[in-house]
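**Q** Take a look at the letters that make up each chain.
Protein chains: 4
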Amino acid sequence: MNKITILIHCKDRPNIIASITNFIAKKGGNIVYIDQYVDREQNIFFMRLESEFSTDDFSTIDFKLDFKNDLAETFKMKWRIYSSEKKPKMALFISKYDHCLYDLLGRYNSGELNLEIPFIISNHSDLKPIADNFNIPFYHIPVTKTTKEKAENKQLELLQKHSIDFIVLARYMQIVSSKLISQYPNKIINIHHSFLPAFVGAKPYHSAYKRGVKIIGATSHYVTEELDAGPIIEQDVTRVSHTHKITDLIAKGRDLEKVVLANAVKLHADRKVMVYNNKTVIFT
Amino acid sequence: MNKITILIHCKDRPNIIASITNFIAKKGGNIVYIDQYVDREQNIFFMRLESEFSTDDFSTIDFKLDFKNDLAETFKMKWRIYSSEKKPKMALFISKYDHCLYDLLGRYNSGELNLEIPFIISNHSDLKPIADNFNIPFYHIPVTKTTKEKAENKQLELLQKHSIDFIVLARYMQIVSSKLISQYPNKIINIHHSFLPAFVGAKPYHSAYKRGVKIIGATSHYVTEELDAGPIIEQDVTRVSHTHKITDLIAKGRDLEKVVLANAVKLHADRKVMVYNNKTVIFT
Amino acid sequence: MNKITILIHCKDRPNIIASITNFIAKKGGNIVYIDQYVDREQNIFFMRLESEFSTDDFSTIDFKLDFKNDLAETFKMKWRIYSSEKKPKMALFISKYDHCLYDLLGRYNSGELNLEIPFIISNHSDLKPIADNFNIPFYHIPVTKTTKEKAENKQLELLQKHSIDFIVLARYMQIVSSKLISQYPNKIINIHHSFLPAFVGAKPYHSAYKRGVKIIGATSHYVTEELDAGPIIEQDVTRVSHTHKITDLIAKGRDLEKVVLANAVKLHADRKVMVYNNKTVIFT
Amino acid sequence: MNKITILIHCKDRPNIIASITNFIAKKGGNIVYIDQYVDREQNIFFMRLESEFSTDDFSTIDFKLDFKNDLAETFKMKWRIYSSEKKPKMALFISKYDHCLYDLLGRYNSGELNLEIPFIISNHSDLKPIADNFNIPFYHIPVTKTTKEKAENKQLELLQKHSIDFIVLARYMQIVSSKLISQYPNKIINIHHSFLPAFVGAKPYHSAYKRGVKIIGATSHYVTEELDAGPIIEQDVTRVSHTHKITDLIAKGRDLEKVVLANAVKLHADRKVMVYNNKTVIFT
Chain A
2 MNKITILIHC KDRPNIIASI TNFIAKKGGN IVYIDQYVDR EQNIFFMRLE
52 SEFSTDDFST IDFKLDFKND LAETFKMKWR IYSSEKKPKM ALFISKYDHC
102 LYDLLGRYNS GELNLEIPFI ISNHSDLKPI ADNFNIPFYH IPVTKTTKEK
152 AENKQLELLQ KHSIDFIVLA RYMQIVSSKL ISQYPNKIIN IHHSFLPAFV
202 GAKPYHSAYK RGVKIIGATS HYVTEELDAG PIIEQDVTRV SHTHKITDLI
252 AKGRDLEKVV LANAVKLHAD RKVMVYNNKT VIFT
Chain B
2 MNKITILIHC KDRPNIIASI TNFIAKKGGN IVYIDQYVDR EQNIFFMRLE
52 SEFSTDDFST IDFKLDFKND LAETFKMKWR IYSSEKKPKM ALFISKYDHC
102 LYDLLGRYNS GELNLEIPFI ISNHSDLKPI ADNFNIPFYH IPVTKTTKEK
152 AENKQLELLQ KHSIDFIVLA RYMQIVSSKL ISQYPNKIIN IHHSFLPAFV
202 GAKPYHSAYK RGVKIIGATS HYVTEELDAG PIIEQDVTRV SHTHKITDLI
252 AKGRDLEKVV LANAVKLHAD RKVMVYNNKT VIFT
Chain C
2 MNKITILIHC KDRPNIIASI TNFIAKKGGN IVYIDQYVDR EQNIFFMRLE
52 SEFSTDDFST IDFKLDFKND LAETFKMKWR IYSSEKKPKM ALFISKYDHC
102 LYDLLGRYNS GELNLEIPFI ISNHSDLKPI ADNFNIPFYH IPVTKTTKEK
152 AENKQLELLQ KHSIDFIVLA RYMQIVSSKL ISQYPNKIIN IHHSFLPAFV
202 GAKPYHSAYK RGVKIIGATS HYVTEELDAG PIIEQDVTRV SHTHKITDLI
252 AKGRDLEKVV LANAVKLHAD RKVMVYNNKT VIFT
Chain D
2 MNKITILIHC KDRPNIIASI TNFIAKKGGN IVYIDQYVDR EQNIFFMRLE
52 SEFSTDDFST IDFKLDFKND LAETFKMKWR IYSSEKKPKM ALFISKYDHC
102 LYDLLGRYNS GELNLEIPFI ISNHSDLKPI ADNFNIPFYH IPVTKTTKEK
152 AENKQLELLQ KHSIDFIVLA RYMQIVSSKL ISQYPNKIIN IHHSFLPAFV
202 GAKPYHSAYK RGVKIIGATS HYVTEELDAG PIIEQDVTRV SHTHKITDLI
252 AKGRDLEKVV LANAVKLHAD RKVMVYNNKT VIFT
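Residue numbers (our numbering), protein chains in the order written: chain A, 2 to 285; chain B, 2 to 285; chain C, 2 to 285; chain D, 2 to 285.
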């Protein structure tokens, strides 16, 4: 049994859905999931579709070719087709905070995440023992002002060597370069420890404390050139009060960061996120 | 422009989606919304679909007939087709509490609810002035042990006379009879002031207080023969603490009841709810 | 039975609590509620205390005088003492949106709010019928660029004539002047339709839609000179998705605004809010 | 600097607060935290108080003795006095699920928990490697029908040997005996994977799925003789929909269980929980 996931967006016009479902039917596929959304303001059609093919001679490559010729060009679609056989490969970038790391590896171990983690990169060696416990290769690539470019080249080399599909910055405390961003557009997931767009930049819990907010949040988003301004994938919040010190906000925030980042990773790995106009469409 | 909404459920099997979308395409319809869900355990397929027909000579009656013959019988579908021209008609049953009434009428007035309210029925006359302010006919039908059957007949008469589509019990403090339930299956929406299945029956806030829960809830569900055991449409909760007295729970609960009932009413009126095996499928 | 509420803040130092409780005991009072908080960073002590006096000859004026001489001056306290006999008087400023108005008046009617509403002021006459239904005097004071100062003088006159204690801007769409703010410092409560400090200023739902946030919020705060930057009293949020249009955000936001504003009003009316350094201490 | 925490409950009557604060003042203590609550229905007074003593010759034992004679007997108080020097000792009982274990040990490691963990007991050896990684002694005590009593004696021996203050059942899949409960009254914390009192007993996620609830929860409570009926310390919930399979509920539930249990453990370890009439008073 072959199973593929199709993501599409294009200008909206009549009969797109019927054309696609017809195409799948002719190819002998059984649609097991279909969801679609139209942004009426922009007049853009978005679709996510899963189809099963029971024929032995099904070829994803042939299917893609025909899809491109018969369908995608007619409707001027932007599209991606994934085979369910191939799990996405995720690289973890970390620094010294361990809470998101423990959380993601715990979920990975329990089978909750539909992905592979070929390696972990950190600019510090502190968390190597955790990577070792979970049997995941750990590369310590220090980053200083003078070595930054060299470090990035090393990172890129590892990413390419392992055919990494997407990168997760699990409280990686460095700003990633334009070079990396341009090679992984909408494929670098960051967790920011505030309810964006409030408290962009460094020390958001300190800013939240100072402003006296009654709710704090965490935001997972794709990394773009502008700091903390990329498409938002997931957010969550929790109540705080005047009795909470900054250290309390940080501790409560850790729980948010873990869950928000994990949800964003799951959505991305399950190919449920589409990006358009710096916003995300999240399929269920 | 004609617009219809189709709700379907049937045994799952290959090619249902393609068959339906093809049928719509042949009829000249443009699908503007499609969502589907398969209960893998029960092997049941559910779909909600909206389609627009720009042809002048479109007839909902003809469409339904062809749908039945060409599609529904082949797949042994249970189905409903609604024309967007016809807003559903909702009867409000109330008693002495005014919070859900004010809330629903406020939303109705602001255009938030896609429905008509031909009348309000109450077993007390206390809230008549509110109905008057919103210019909605109010029928005072007292209910006592001896007059219960007579009262129900009067209710049924009104419901039929106004071709009511569904009934909302907005803190109507009476248990409705089997007769009414059987005539409006999955069409009577109740708001229960607890997080069901906890605290079934009378005085749930008192029971919640006694048990010392840290969160209270409200549940909107379809009325079935068994008390507070019908399919759940919507639930919501709020935090409480030991400092809250029963009167505080009741006050906090009012806010929950309003929002939960309003959401359930909107979902039902927008034909986004399907019932199967005493559970609901809620389309987005 | 006389009951008073005392709010205090002063520099923290040993024995404040014992001194206060002793003072109350000597005066024959029974403390029925005491809560305190110390901001360790600023070294400020905050306290809220309720005490009952059963003696017939208890005089709030005498109590205040002795409190000032025996206690407040020693500890250099900022303090307020309220008698529970006197309900605070709240002026409602509204414009054309009715949802917060209906909500507050519904709660007022049900006895949920421990306050009096001597009158409602609006710059439009649209909502006068609602005020009439609830039997509350309604003053239509139009505001235009040229009449702004005159309108404000009229507002101030009414506020003083009725000895108003605090003002609630229930979606009053005007920026209030420095004059009004300076006469009612930390006594003007506004509801802003965003999760502050995100989306300050006009059209926050439009900004939230554009940024693609996954959660929207509402914030109730005291009005200060700087727009939407005053001490936050209460905030709440709700989830949204890419499927929600701006009108949906507005509709969902209405539910937030109502509850957040009502909670802030209750906290203020119950004298549970203290302001310090542009932040609030909220007692339970 | 000595710091003590006092927890008191007794029949409410005038002047308790003044008497206590006076007593502390006479002993040279400075009150740094005071919170109190009166259950008006039961007429019970509850208080939590923290006091610092800067004198070198302060003796907790002497203080307790005088407190008993001068205060506790007069007011017929139930009371406990803790010295902040002595961290509470917590025994962890686990089985095969690792999520709560990883979570608690991660927090323990980060310094978030104000307690000591002398050892972990499990009826299976599967999770020993995790205990080893965190350098915590691990005792594998298998439990079968025939060995149950013997196993419990072994547990009790360990608990006594290490002067354990409280026990946490972190998804320990065994019902603990009356013997253990009676020796640790309101000192055994369990995490139940439902929103109690809904879905008492085994397989609550299966029951929640069957009932079609729209929200699932987790509850941390003290263990009493009656199954899942002890005083509730903490609860939390999360939204689910018809699209979630039982495995999804279980995965989402894991996130709830971790946070709810951790919060309950923190509250207990910080001596912020008092139990009365099978309910908890939770101080802030």
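Hints in this document: simulated from the structure, not taken from any laboratory.
Mixed in with the good hints, there may be bad ones.
Repeated chains share a single entry, so a pair holds when one copy, or any two copies, can fit it.
With a straight-line cut-off of 25 Å between C-alpha atoms, the simulated DSS-like cross-links for lysine-lysine are [said to hold, decoys possible]: (1) Lys253 with Lys77; (2) Lys65 with Lys149; (3) Lys4 with Lys267; (4) Lys27 with Lys77; (5) Lys65 with Lys253; (6) Lys162 with Lys151; (7) Lys149 with Lys211.
**Q** Would you list, in rising numerical order, the hints stated earlier that this structure does not obey?
**A** When the structure is compared with the hints, numbers 1, 2, 5 and 7 turn out to be violated.
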